[in-house]
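Numbering (the working numbering), first residue to last: 82 to 320.
Please keep in mind that the hints were generated in silico from the structure rather than gathered at the bench. Even for Gly, the Cβ is constructed at its ideal location relative to N, Cα and C. Any given hint could turn out to be false.
Derived DEER-like restraints, expressed as beta-carbon distance ranges [unchecked claim]:
| no. | residue 1 | residue 2 | range |
| --- | --- | --- | --- |
| 1 | Glu170 | Val113 | 17 to 25 Å |
| 2 | Ile101 | Gln280 | 40 to 48 Å |
| 3 | Tyr123 | Ile101 | 35 to 43 Å |
| 4 | Leu251 | Phe284 | 35 to 43 Å |
| 5 | Ser303 | Phe257 | 30 to 38 Å |
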Amino acid sequence: MGLEESDNATTKVAKWHHWIQLPEIWIILLSVFCFGWLLLWYFGLMSSDVAGAQKKAGVLLGTVAAHLIGGVIPGVGTCAASQYYSAWENVLINALTSTGIVTLVYGFFCLSCRKLLKIPYLEEAFHDLQESANSQKHTWVRLGVPGLFLFVWIPLFMTGPIVGSILGRLIGLGIFVNLLTVISASLTSIITWVFFWDQLSRFVSAGWLKFLSLGVALLILSYILYSRLKAFRKLKKSQ
82 MGLEESDNAT
92 TKVAKWHHWI
102 QLPEIWIILL
112 SVFCFGWLLL
122 WYFGLMSSDV
132 AGAQKKAGVL
142 LGTVAAHLIG
152 GVIPGVGTCA
162 ASQYYSAWEN
172 VLINALTSTG
182 IVTLVYGFFC
192 LSCRKLLKIP
202 YLEEAFHDLQ
212 ESANSQKHTW
222 VRLGVPGLFL
232 FVWIPLFMTG
242 PIVGSILGRL
252 IGLGIFVNLL
262 TVISASLTSI
272 ITWVFFWDQL
282 SRFVSAGWLK
292 FLSLGVALLI
302 LSYILYSRLK
312 AFRKLKKSQ
């Protein structure tokens, strides 16, 4: 009996040791760190007695939400239009959000591809991401790392860090080379757009800045909803 318990304990330790050694787990832990930082920042502002801290917390939450839904441009625009944060704070918020979501999706996607983890309700999303990346693979594969960097940096529909990380895997880049390229390109894109909004704010009033930010966010959200509806109708016809 004691020998069996010892064997079971050894097996469990071996499994944990195996999981800890996987690079994908460390990538997912980086996501936890990024979102943990944002959560601490948010709750720190919410619990602060400093005037305007709660409004800053609301802007922080709105910026993260806008970035997750629409990408870099709405995220940066939401933060810049509020005028509660400096340009470098805007960069930090969006960089943490971008890195957090990319490492989370990419980590689980790699585990799914290696058949190490299967999450049924995420499989369809992973399939869509792979199809999107695969459709653009031949355009960018010849350019390698510079092509992937450009793909992530360009703020167009169906480009960006999440699809870019999947594309990097499909064109054969190593897991860390791929991730480093995607994160550095995403950070460059964020800094570019923060600088753009900062320059724009010198010539445009705060009201117009908010209007432009909201307009861009709604445009991107409308496109996402349209794409999903189109894909759903196509799926129904094929059935």
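How the hints compare with the structure:
1. Glu170 to Val113: 17 to 25 Å: 22 Å, holds
2. Ile101 to Gln280: 40 to 48 Å: 46 Å, holds
3. Tyr123 to Ile101: 35 to 43 Å: 29 Å, violated
4. Leu251 to Phe284: 35 to 43 Å: 42 Å, holds
5. Ser303 to Phe257: 30 to 38 Å: 36 Å, holds
Of the numbered hints listed earlier, the single one contradicted by the structure is hint 3.
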